[in-house]
Amino acid sequence: MAADEGALARTNRWVQQRFSQYYARARLDLPQRFTKREWAFLFFDKSFMVRHLAFQKRDQLQAYLRDQAPRHAYYSTAFYQDPGAHAMAEKGWKGATLVFDLDADHLRGAAKMGYAEMLAAVKVEFVKLVDRWLVGKLGYDADDVHIVFSGGRGYHAHIEDPRVLELSAYERREVVDLITGKADVGDFLFQQAYKGGRRKDGRGYAAKGSVMPSPERGDWKGDLTRETLAFFRELDAEIGQGHRDDAVRRFSQVAEVPEEEAAGFLDMLMGADSQGARRIDRLLGDHRIELDSGINDRFWRRIHEKLYVQMAGEADEPVTADIKRLIRLPSSIHGKSGLMAKTLTRDELDGFDPLRDALAFGREPVEVEGLADLEFDIGGEHHAVEAGVRARLPEHAAMFVCLRGSAAIP
Amino acid sequence: MALAVDYARLSRYPFRREASEWIREQGVSLEEVLTKDVYRRVVEAGTKRVMDALGEGGIGDQTAHTEPDAFVRVLSYPVARMLVSAVGDLLLVRRHALREAEEAGVRMAGEGAAFLLELGTMELGLPAELDEDGETFSVHFSDYLKAASAIRDRAWKLYNQDLHGGRVRLAKTRYARLLQEALRKRIESELPLDVNEQILEALRPHIETVVMGLEALRSSIQRESYGEFSLDYLPPCIRDLLDKIQKGVNVPHVGRFALTAFLSHVGLDTADVIDLFRGSPDFREDLATYQVKHIMGEISGTKYSPPACSTMNTYGICLRAKECERMGHPLRYYERMQRRAHKERPAQEPTEGGAEAVATAQATATEHAEGVEPDGG
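Line by line, the protein sequences give chains A and B. Under my numbering, the first sequence has 248 at position 248, and the numbering climbs by one with no breaks. Under my numbering, the second sequence has 314 at position 314, and the numbering climbs by one with no breaks.
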């Protein structure tokens, strides 16, 4: 069912009025050097982006947001000599915040998830990006990573460390390649044969196995050895606690073999050899990869490739590599959800539920008329609208359905 | 009591503050050196320094052991800078920076940790910390990237480094190599200096010598780099993109961009490129012409350079072909194939033209995206 012109106009008017009221009172969360950033906006009643704007004072920006009630508000990750210049070449690039963006479309299977489920899944990946990569590898204090829920389907991390502001696009891409795991794992194994030697006739014979790179190493090879050891240690513990089926299932997924085959391999690995020693203990102790018993190098390579991918983080590459990107203003409203783009500390992130903690609007009841059937959760409640049926919803839910085009103000 | 002056160190690293202070102590100004006949040997040494940088062998060992020798060698460095600045050519600046840094790099590799730390911290903006073992250095990843990003070998990629807590750990020789890169970048960024009329006049005959040497180099680069275009030289990624376009398979924007920029760079003009695209079933001359002209800089004035392998990889259009290993840039593959076909000389380092092109490609590879897509999530 399509909304008539009048209903659309009424809906837009209502939304803009509510956005305007929000911005009149909002405590804006401005980026460092905000006067040196370019600002850009999308509107409810214009089909083009208004950009190349600059604001000298917080009040000016706040008044602009209140008066214009834009649907989306962005600023440039770059800061410029003259941010208001209309040609990019004339702006005078001085540096750019290092930004990481993780959006739900980057997750496997996101298309099949509901909104709440998608938000939860993307948060898990984002926590990994922050903890493992930005804090662990790149050495930032959690306080130096400015975390923002985007108001839509993802999270951003901003780093303002003066040392990274001048990194070129190419250099930023190297950072993304590090995080997303661009190394070729092909040469991970078979560095150092642990068997092999010379026969009596003097001819050499081939090694039947290899030692993984030292877990002490600080590069990805050391990381992958630690990841591999941790994986097998967990499987061993799982089996020890009597959860053999779980271990087999997990292993068959990682090794991409049928469960029967996975079970056979685990039995071989955890069982004793002819000398009464367990192969798993040699793996965990000496980091040996043994290639007898019909287990070939391709099999191991698959496991390592999978573990490497699991270890790698996710971040949208073009966003980090682009030194002139526009990014959503934290504390502004996302014009497709009615949720706030919200700044969070690392501690707050753990308990953060966007559908409860990033509501920009309250519970005041609003009457809407459904344009389509939609069921959704927001503000801790389940709601539904039906095409052609009027319903009273709390304002944040009414806003959500109207912005999605599934309801209108009658 | 005067301290003993280390002439070897002064002459090997004439870019250091200590060297310029020493020159000041000699009581001669650069203007005097350039204009007075008694210093002719110094000016000649400076000219030779620049000319050697243009040649294959580089500037060679500059180590001096006596005061008079050190005087000539150390001063020949600022003279060379003046001469390079007077000519004011970008290729010359790059060559000079490259060769000066290479020579210093050879010497740095043999230095002790303390001296390298001092160089990195006090002179070259690449501060490091030394591990307790006295031989492992660590630098912040951002400093590492700024110095190492011009080195194309995979072994220098950030993802192949020993990195933890934001610091890259390096053996001494690798730190010395980074210092060499930092020096090259510093010299490139400092030149050309302002040159006044008086100096210009004094240097005139030497300027002519350098310009002639430079033009000879330039024409040999052009001859060597991109002669006759041939599809046979195309690297796998570019050939794949071209095949897809000709078969009408949808190629994403980044792919069209990479293909067009590449073909343009190896000497095809707009009409040639459009002809190659013509096979595509969805070919639309007006649209193709606009896109090609835009990428070739005929519309905006910005000519885009083809992306490096790392960029191709990031965009998912690198085929990771075996034969491309260590190439670093699709252009390098093209150059190698071309050279092999001509059998002019065995495969070796890319020609200067290629290296220049690669450097430019890095600088501009992503400019086509200039913040037009916002990330609101």
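Any given hint could be a false lead.
Derived lysine to aspartate or glutamate pairs resembling EDC-like cross-links, with alpha carbons at most 20 angstroms apart [claimed, not checked]:
no.	chain 1	residue 1	chain 2	residue 2
1	A	Lys306	A	Asp187
2	A	Lys36	A	Glu125
3	B	Lys157	A	Glu395
4	A	Lys94	A	Asp105
5	A	Lys324	A	Glu166
6	A	Lys306	A	Glu125
7	A	Lys182	B	Glu201
8	B	Lys48	B	Glu102
9	A	Lys336	A	Glu260
10	B	Lys322	A	Asp219
11	A	Lys182	B	Glu325
12	B	Lys322	A	Asp187
13	A	Lys182	B	Glu208
14	A	Lys123	A	Glu395
15	B	Lys36	B	Asp232
16	B	Lys244	B	Glu285
17	B	Lys244	B	Asp232
18	B	Lys247	B	Glu285
19	A	Lys123	A	Asp357
20	A	Lys94	B	Asp240
21	B	Lys36	B	Asp89
22	B	Lys247	B	Asp272
23	B	Lys157	A	Glu166
24	B	Lys172	B	Glu190
25	A	Lys57	A	Asp29
26	B	Lys322	B	Asp240
27	B	Lys157	A	Asp357
28	B	Lys157	A	Asp29
29	B	Lys185	A	Glu166
30	B	Lys322	A	Glu305
31	A	Lys123	A	Glu90
32	B	Lys48	B	Glu208
33	A	Lys36	A	Asp59
34	A	Lys336	A	Asp357
35	B	Lys172	A	Asp246
36	A	Lys94	B	Glu208
37	B	Lys48	B	Glu201
38	B	Lys322	B	Asp232
39	A	Lys182	B	Glu323
If you are wondering where the hints come from, they were derived from the structure by calculation, not from laboratory data.
A quick look at each hint next to the structure:
1. Distance restraint check for A/Lys306 and A/Asp187: the Cα-Cα separation of roughly 15 angstroms lies within the 20 angstroms cut-off, and the hinted pair is therefore satisfied.
2. Distance check on the hinted pair: A/Lys36 and A/Glu125 sit about 32 angstroms apart at the alpha-carbon level, beyond 20 angstroms; violated.
3. With a CA separation close to 51 angstroms, the supplied pair B/Lys157 and A/Glu395 exceeds the 20 angstroms bound.
4. Between A/Lys94 and A/Asp105, the direct Cα distance comes to roughly 32 angstroms. Violation of the 20 angstroms bound is thereby established for this hinted pair.
5. Annotation: proposed proximity of A/Lys324 to A/Glu166 holds, straight-line Cα distance about 12 angstroms (limit 20 angstroms).
6. Straight-line distance between C-alpha atoms of A/Lys306 and A/Glu125 comes to about 16 angstroms, which keeps the hinted pair within the 20 angstroms bound.
7. With a C-alpha separation of about 55 angstroms, the suggested pair A/Lys182 and B/Glu201 falls outside the 20 angstroms cut-off, and the hint is violated.
8. The suggested pairing of B/Lys48 with B/Glu102 holds, with an alpha-carbon distance near 16 angstroms, which does not exceed 20 angstroms.
9. Restraint check for A/Lys336 and A/Glu260: not satisfied, since their Cα atoms lie roughly 48 angstroms apart, outside the 20 angstroms limit.
10. A distance of roughly 24 angstroms separates the Cα atoms of B/Lys322 and A/Asp219; the hinted pair therefore is violated under the 20 angstroms criterion.
11. A distance of roughly 14 angstroms separates the Cα atoms of A/Lys182 and B/Glu325; the hinted pair therefore holds under the 20 angstroms criterion.
12. Between B/Lys322 and A/Asp187 the alpha-carbon distance is near 13 angstroms, which keeps this suggested pair within the 20 angstroms criterion.
13. At roughly 49 angstroms between alpha-carbon atoms, A/Lys182 and B/Glu208 are farther apart than 20 angstroms, so this suggested pair is violated.
14. Only pairs whose Cα atoms come within 20 angstroms are accepted, and A/Lys123 paired with A/Glu395 is rejected, the gap being roughly 26 angstroms.
15. About 58 angstroms separates the Cα atoms of B/Lys36 and B/Asp232, which puts this hinted pair outside 20 angstroms; it is violated.
16. Under the criterion of a C-alpha separation no larger than 20 angstroms, the hint pairing B/Lys244 with B/Glu285 is consistent with the structure, at around 17 angstroms.
17. Between the alpha carbons of B/Lys244 and B/Asp232 the distance comes to roughly 16 angstroms, so the proposed pair stays at or under 20 angstroms and holds.
18. As the CA atoms of B/Lys247 and B/Glu285 are separated by approximately 16 angstroms, the hinted pair is consistent with the 20 angstroms bound.
19. In summary, the hint linking A/Lys123 to A/Asp357 is supported, as the alpha carbons are separated by about 14 angstroms, within the 20 angstroms threshold.
20. Between A/Lys94 and B/Asp240 the alpha-carbon distance is near 38 angstroms, which puts this suggested pair outside the 20 angstroms criterion.
21. Restraint check for B/Lys36 and B/Asp89: not satisfied, since their Cα atoms lie roughly 26 angstroms apart, outside the 20 angstroms limit.
22. The suggested pairing of B/Lys247 with B/Asp272 holds, with an alpha-carbon distance near 18 angstroms, which does not exceed 20 angstroms.
23. Between B/Lys157 and A/Glu166 the alpha-carbon distance is near 19 angstroms, which keeps this suggested pair within the 20 angstroms criterion.
24. For the suggested pair B/Lys172 and B/Glu190, the alpha carbons sit about 27 angstroms apart, so the restraint of at most 20 angstroms is broken.
25. Taken as a hint, the A/Lys57 and A/Asp29 pair is honoured in the structure, with Cα atoms around 13 angstroms apart against an allowance of 20 angstroms.
26. Between B/Lys322 and B/Asp240 the CA atoms are separated by roughly 15 angstroms; this keeps the pair inside 20 angstroms, and the hint holds.
27. Distance check on the hinted pair: B/Lys157 and A/Asp357 sit about 40 angstroms apart at the alpha-carbon level, beyond 20 angstroms; violated.
28. With a C-alpha separation of about 36 angstroms, the suggested pair B/Lys157 and A/Asp29 falls outside the 20 angstroms cut-off, and the hint is violated.
29. For the hint linking B/Lys185 to A/Glu166, the alpha-carbon distance of about 14 angstroms falls within 20 angstroms, and the restraint holds.
30. For a cut-off of 20 angstroms, the pair hint linking B/Lys322 to A/Glu305 stands: about 18 angstroms separates their Cα positions.
31. At most 20 angstroms may separate the alpha-carbon atoms for a hinted pair to count; A/Lys123 and A/Glu90 exceed this at roughly 38 angstroms.
32. For the given pair, B/Lys48 sits about 13 angstroms from B/Glu208 by alpha-carbon distance, which is consistent with the 20 angstroms threshold.
33. Distance check on the hinted pair: A/Lys36 and A/Asp59 sit about 16 angstroms apart at the alpha-carbon level, within 20 angstroms; holds.
34. At roughly 17 angstroms between alpha-carbon atoms, A/Lys336 and A/Asp357 fall within 20 angstroms of each other, so this suggested pair holds.
35. Our distance criterion of 20 angstroms between C-alpha atoms is broken by B/Lys172 and A/Asp246, whose separation comes to about 48 angstroms.
36. Of the pairs offered as hints, the one joining A/Lys94 and B/Glu208 is violated, with about 38 angstroms between alpha carbons and a cut-off of 20 angstroms exceeded.
37. For the hint pairing B/Lys48 with B/Glu201, the CA-to-CA distance comes to about 19 angstroms; that is within 20 angstroms, so the pair holds.
38. Pair hint B/Lys322 plus B/Asp232 holds up; C-alpha atoms about 17 angstroms apart against a cutoff of 20 angstroms.
39. Among the hinted pairs, A/Lys182 with B/Glu323 is consistent with the structure: their alpha-carbon atoms are about 18 angstroms apart, no more than 20 angstroms.
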